[in-house]
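*Asks:* Take a look at the letters that make up each chain.
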Amino acid sequence: MRTAIVEKTIDLAALIAEVASGAHGAVATFVGVVRSVNDGKPVLGIDYSAYDAMAEKEMNAIAAEAASMFATSAIVVEHRKGFLGVGEASVAIVVSHERRAPAMDAVRYIIEELKVRVPIWKCEHYSDGSRDWVHAGTGAARPR
Amino acid sequence: MRTAIVEKTIDLAALIAEVASGAHGAVATFVGVVRSVNDGKPVLGIDYSAYDAMAEKEMNAIAAEAASMFATSAIVVEHRKGFLGVGEASVAIVVSHERRAPAMDAVRYIIEELKVRVPIWKCEHYSDGSRDWVHAGTGAARPR
Amino acid sequence: MTITVQLFASYAEALGAKSIQVELPEDATVEALMVALSELPGANRLPPKPLVAVNLAYAAPDMILTSGDEVAIIPPVAGG
Amino acid sequence: MTITVQLFASYAEALGAKSIQVELPEDATVEALMVALSELPGANRLPPKPLVAVNLAYAAPDMILTSGDEVAIIPPVAGG
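Which chain is which? The protein sequence lines are F, P, L and Z, in order.
Here the numbering used here is used: the first residue of the first sequence is 1, the next is one more, and so on.
Here the numbering used here is used: the first residue of the second sequence is 1, the next is one more, and so on.
Here the numbering used here is used: the first residue of the third sequence is 1, the next is one more, and so on.
Here the numbering used here is used: the first residue of the fourth sequence is 1, the next is one more, and so on.
No lab work stands behind these hints, which were simulated from the structure alone.
Take the hints with a grain of salt, since some may be wrong.
Mimicking BS3-like on lysine-lysine, the simulated pairs with C-alpha atoms at most 25 Å apart in a straight line are [stated by the list, open to error]:
1. K49/L x K115/P
2. K18/L x K49/L
3. K41/F x K115/F
4. K49/Z x K41/F
5. K57/P x K18/L
It should be emphasised that the depicted structure is a prediction, and the values quoted were computed from it without experimental measurement.
Kindly generate the complete structure, drawing on both the sequences and the hints.
*Replies:* Quick look at the structure:
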């Protein structure tokens, strides 16, 4: 199990190789990608920023929860920060498991939790020169 | 949308590149892998065979159903046949979508349907020299 | 009419052939084909009601066969 | 006691700083910190009850702060 905030291009094949195992029959992945259009506005790119120490702690907690709930420690999560152009991967989640259902369930759990709990922000830059903070999450992360 | 029975190594990165798009924010994948152990028996590899024409037709029908249900044609499915060693990918499903939930739902729909409908068989070869046909699917595919 | 039936995987092994020819009356159904199959040597190694595909689609037992149909019996599938 | 509060993203822009120092009585709660924050210049651009993290975990309003705590206010998150 490994989670990280990274500043370089995410290499999905390397992440898959990191968790794959002959004992596992299933590898599920999710990759988030910067879209060219959001709410009808043409996007140049997204500047991701994070509260690094807390984001890494929270990502690690989420991965540990998934490892426990779905009985596999073959989990890797990377979230990128900095300026990303259209089509670049912002987040990648890879889970390898003996069976397919828990592999897919674990990926889904991790991305859904990451979206509401991990302190990462995005500032979208538009082709007209404007920019805006995106409030995609609910912000209603529960105190714990 | 593309589906195929293939005889060479599945290149997941190429499949992702095939369906990725600047308009899409999410790429979900599932890869099935030959396991080293099944039901406690050490496995050397699996010999996959298919009723090619029907398998391709059925895979294509499943992908078309997913494209309709989840509103994306950015779908690619490859299933390999022939003898695969432990750790080799037998099937890969990649779906790219504007949003994450339908991307993941579509991948799941495709692998679950593929498992019960597509006429592909596996003969597992064990390290003791024996082999056995695996009846993983229900065989209860519905006439249509 | 003569119907050629394709066999795959464990069924091909059980009957020792990749295809067999079955003689049936005109307008015979899939069910009639299954009865004819059950009388072949080695057929006791097939399940009593195997899945049948006609022209690349799973076929119901009451489907009427036509000369030239592509017919196959389908062992329990195990893709993925 | 003096509490250093880290600011991020839209909140850092709203207050024009990456961190601010707030003077609070001993045993002040997270809620008391929020009241103090709301009196700062530019605070009208923050929501009335922003999320607060103490020592890298989301904190309930009645949590008591201690000198040396790592405190941050957290804009609505948007990872992924």
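*Asks:* Hint by hint, which ones does the structure fall short of?
*Replies:* Hint check: 4 fails alone, others pass.
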